[in-house]
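Chemist: Below are the chains, spelled out letter by letter.
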Amino acid sequence: MIAANVRQEIHNLLGPRGYLDQGPDLSLYEYDGSIDKAKPDIVVFPKSTEQVAAIVKLAARNQLAIVGRGAGTGLSGGVIPRAGGIMISFARMNRILEIDLPNERMLVEPGVVNLDVTLAVQRDGYYFAPDPSSQRACTIGGNVAENAGGPHTLVYGVTTNHVLGLEVVLPDGTVIEIGGPETDLPGYDLTGLLTGSEGTMVLVTKAWLRLMRTAETVKTMLAIYETTDAAADTVAEITAKQITPAALEMLDGPMLRMVEEATHAGYPMDAQAVLLIELEGLIESVESQLEPIRATCLACGAREVRLAKSAEERDLLWKGRKNAFGAIGRVSPFYYVQDGVVPRTQIAPTLRRIGEISREHGVQISNIFHAGDGNMHPIILFDARKPGDVQKAVAAGEAILDYCIQVGGSITGEHGVGMEKMELMTKLFSDDTLNMIASFKSLFDPQCRLNPGKLLPTGKGCMEIHHAHATPAATY
Amino acid sequence: MSLFQPDSAEALAAALAQAAHDRQTIETGGAFSKVRAGGPRGGAQLTLSTAKLNRVLNYEPRDLTLSVEAGMPFAELSALLATNQQMIPLDPPYSATATIGGVVAANSSGPRRRWFGTARDLIIGMQYATMEGKLVQSGGMVVKNVAGLDTGKLHIGALGTLGVMTVLNFKLLPMPVDTRTFAKEFATAAEAIAERDRILKSTLQPMALDLLNPAAARTLSLSGFVLLLEAGGQPNVLDRYARELPGFAVVDKTFWARINGFTESFLAAHPAGCVVRISSKLTESAPVLTAFAGPVIMRAGNGVAYAYCETPPAKLPPLKCVIEYAPEPRPAGMDLWPAPAADFDLMRRVKDMMDPHHLLNPGRLYGKL
Ligand SMILES: Cc1cc2nc3c(=O)[nH]c(=O)nc-3n(C[C@H](O)[C@H](O)[C@H](O)COP(=O)(O)OP(=O)(O)OC[C@H]3O[C@@H](n4cnc5c(N)ncnc54)[C@H](O)[C@@H]3O)c2cc1C
Chain A
1 MIAANVRQEI HNLLGPRGYL DQGPDLSLYE YDGSIDKAKP DIVVFPKSTE
51 QVAAIVKLAA RNQLAIVGRG AGTGLSGGVI PRAGGIMISF ARMNRILEID
101 LPNERMLVEP GVVNLDVTLA VQRDGYYFAP DPSSQRACTI GGNVAENAGG
151 PHTLVYGVTT NHVLGLEVVL PDGTVIEIGG PETDLPGYDL TGLLTGSEGT
201 MVLVTKAWLR LMRTAETVKT MLAIYETTDA AADTVAEITA KQITPAALEM
251 LDGPMLRMVE EATHAGYPMD AQAVLLIELE GLIESVESQL EPIRATCLAC
301 GAREVRLAKS AEERDLLWKG RKNAFGAIGR VSPFYYVQDG VVPRTQIAPT
351 LRRIGEISRE HGVQISNIFH AGDGNMHPII LFDARKPGDV QKAVAAGEAI
401 LDYCIQVGGS ITGEHGVGME KMELMTKLFS DDTLNMIASF KSLFDPQCRL
451 NPGKLLPTGK GCMEIHHAHA TPAATY
Chain B
477 MSLFQPDSAE ALAAALAQAA HDRQTIETGG AFSKVRAGGP RGGAQLTLST
527 AKLNRVLNYE PRDLTLSVEA GMPFAELSAL LATNQQMIPL DPPYSATATI
577 GGVVAANSSG PRRRWFGTAR DLIIGMQYAT MEGKLVQSGG MVVKNVAGLD
627 TGKLHIGALG TLGVMTVLNF KLLPMPVDTR TFAKEFATAA EAIAERDRIL
677 KSTLQPMALD LLNPAAARTL SLSGFVLLLE AGGQPNVLDR YARELPGFAV
727 VDKTFWARIN GFTESFLAAH PAGCVVRISS KLTESAPVLT AFAGPVIMRA
777 GNGVAYAYCE TPPAKLPPLK CVIEYAPEPR PAGMDLWPAP AADFDLMRRV
827 KDMMDPHHLL NPGRLYGKL
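Chains as they are written, first to last, in this note's numbering: chain A, 1 to 476; chain B, 477 to 845.
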């Protein structure tokens with residue numbers, strides 16, 4: 001429950017339609033795509049940076065926690081207000097402020113939906129490269145916070161490689177512009193530090209995005225396999241042969257059957273794995289890569305390699321891929337997506353280990369993932385209504401991430417640590433590294449009010465550490 | 477003044493902690509090739525070199541990833557990668573002598589950044605030593621990773637003012653099968669810029685696209701404003717470029733070595749010379765190309781330009797710029813970074829946190845940090 005005086009101040013600032021504070025409304029804001037839940041005390045809908053800053057100052061005066069919210073599609077509990085307080089939704093800050101094609105830039109508010117960036121410039125032959133599978137819903141603010149990736153970030157890089165500058169609101173309400181539309185601005189790369197900070201250090205109120213030219217041609221291939229091993233070997237082999245597709249995605253047998261039943265995209269129902277391979281670029285360059293890729297697939301044991309014959313066929317394959325989670329929803333009401341990363345030579349053994357973990361923990365696990373960069377997405381199906389099932393799913397997820405760490409990988413490639421993988425951070429990083437992260441958190445958010453209880457393991461969070469920041473003795 | 481060349485990251489970290497404890501100022505470097513880069517240096521009580529941290533820790537050609545200690549010479553590293561047709565396409569100045577750590581600390585980059593980006597796009601992880609004597613990790617050895625905070629980004633281009641990078645992890649790129657270099661001369665900046673715009677709007681994807689002003693062109697025995705373009709790929713791809721670049725001549729690939737080496741040779745020839753680095757929008761190219769009397773080399777697909785001045789400029793043009801290389805020692809009162817932006821205060825707070833007594837390369841970041 002929000003204090004009456006705070007509610008009144010918010011009412012005065014944003015008007016009667018600028019916030020929600022009733023139980024049933026708040027229930028819509030208690031979750032994201034992961035499995036945890038917590039309700040905010042109030043959700044506010046500012047329309048400008050000034051309003052965001054005013055709310056943040058109000059929260060500071062009243063010692064309230066703040067959580068920024070994009071579309072709530074996050075998969076690591078990033079947006080869950082575990083300490084209650086004020087949730088700042090950026091849904092009404094969804095304007096494209098400036099399209100600057102001669103400079104290959106766009107300035108947007110954080111609530112702009114990822115796909116809308118591309119749609120706004122597509123006719124002119126430009127696009128925004130990071131394309132999370134959730135791109136029809138997720139926002140640029142959420143993408144910046146999580147440093148989101150997507151199928152096509154294999155060759156073009158993830159969000160951090162496409163964000164040049166930000167306008168941010170610090171937890172004390174100060175508004176600062178960081179970086180800008182130009183590259184190589186002198187000084188420290190604060191944009192790089194803050195991209196991927198999971199909404200724990202600043203709120204993003206504007207972002208300068210880098211646009212890219214649409215490729216002249218795109219070819220999409222579907223390689224079909226009788227075993228997941230052969231598909232995984234192909235990924236390693238394509239990497240080793242130094243062929244760089246624009247996207248290289250893998251679906252295993254159970255997964256592609258779910259997808260096919262839901263979307264009729266043309267995936268073979270009887271295969272054990274498929275690779276969705278996309279090539280982009282100049283016609284000559286794409287044409288010259290088709291044959292080596294086909295040959296590599298076949299040499300690694302592909303049963304068949306198909307080339308999408310039309311844009312419709314291609315779109316259908318991608319629709320199947322990008323709507324996969326919806327397809328799972330038809331089969332299993334509850335699922336838990338993991339996001340570990342392994343070196344690309346380790347995909348085959350990792351998939352085998354996931355199979356073992358599935359059997360050991362008695363949960364079904366399907367895989368659909370960004371194979372080209374080793375970013376696994378094992379999807380653990382469970383039934384939350386069955387006692388013990390959630391625990392089984394979580395334990396299986398952890399076992400998978402343990403394995404990813406063991407083979408030299410990471411616990412998250414694009415979904416973020418959030419509140420879901422906080423405790424696993426100690427397995428990946430030393431105390432010194434975690435303390436450094438905590439120091440940065442304290443530097444930006446000394447009172448630990450911005451998205452508290454995320455990213456760092458219990459005991460390392462900013463509440464617990466008291467890092468002395470001596471004032472500088474030296475001046476120049 | 478003493479020189480210390482630790483042979484382990486731990487020893488380096490310990491030296492930093494000791495210096496912090498003793499309140500000793502420290503100068504850090506790899507091969508010290510870029511002594512004229514950034515701000516004031518010298519006079520530190522301790523000089524720390526990463527030169528003996530020069531091992532490749534992990535190179536998995538099939539994974540296109542590499543982990544290397546910061547003191548490894550860039551040239552040696554490039555030669556190693558070339559045996560597998562792989563590369564770190566940074567094209568830095570001082571490439572024959574610089575260490576990989578120095579290249580990253582200075583955020584050195586070159587013409588091919590149009591397609592491959594800069595160190596911030598190629599580094600997948602790093603380890604650095606802090607003034608508290610800790611070894612901190614950011615990222616890892618996989619090409620996609622969002623675990624933890626990307627604190628390593630701050631060290632790229634920090635010129636060693638926040639800590640000392642000890643290990644760098646890269647994603648590697650395959651070398652193109654073949655390359656071809658194209659050049660065209662223009663009488664005016666406007667014509668060269670118009671052609672640049674046409675190329676950027678076409679479907680061509682050049683690896684490098686540079687624009688030289690006449691003073692820079694002259695040094696390559698060319699005249700007027702010159703567009704230089706590098707394309708990579710199979711021969712039929714390169715032929716396509718030839719068809720779509722009317723009026724361009726195919727020129728010797730060694731042009732790029734001269735472009736990449738321009739800073740080094742210019743500074744060697746001009747002890748009182750400066751290099752001004754300008755961050756501009758593409759639409760600001762005309763004023764950038766004409767604001768200086770001396771050579772200007774612009775990364776025409778990114779808007780980053782380098783202006784070469786034989787003597788320190790009395791006043792910098794109203795562009796976002798720094799004096800990246802200055803005479804050594806610095807003339808008194810020279811302002812290397814005239815107009816820090818609104819985020820400067822936050823940078824200062826980062827510096828205060830990482831190096832509270834400002835002992836590490838004091839003022840090295842353009843005299844301001
Ligand atoms: C079906 C599906 C497919 C997905 N596929 C991908 C994929 O391919 N690649 C990928 O990377 N992710 C994927 N995701 C995860 C998710 O979509 C991304 O993490 C996305 O970036 C989250 O955006 P959002 O707007 O929904 O953010 P939210 O979930 O609302 O928030 C995520 C985090 O961002 C913070 N935040 C939001 N806005 C701001 C702001 N303005 N300032 C500061 N912090 C802010 C929040 O506090 C929270 O910590 C997928 C999710 C789903 C459900």
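Keep in mind that the hints were calculated from the coordinates and are not lab data.
Just so you know, not all the hints are guaranteed correct.
Dumping the calculated DSS-like pairs for lysine-lysine here, alpha-carbon to alpha-carbon at most 30 Å [to be verified]: (1) B:LYS647 to A:LYS47; (2) B:LYS677 to A:LYS427; (3) A:LYS219 to B:LYS610; (4) A:LYS319 to B:LYS677; (5) A:LYS427 to B:LYS757.
From chain B, some residues computed to sit far from chain A (all C-beta separations above 12 Å) [claimed, not checked]: (6) SER571; (7) VAL612; (8) GLY624; (9) LYS629; (10) ALA769; (11) ALA815; (12) ALA818.
The structure displayed is predicted, hence computed values, not measured ones.
Here a beta-carbon is modelled for each residue, glycine too, at the ideal position from N, C-alpha and C.
Chemist: Enumerate the violated hints, using their earlier numbering and listing them in ascending order.
Modeler: 1, 2, 3, 5, 7, 8, 9, 11 and 12
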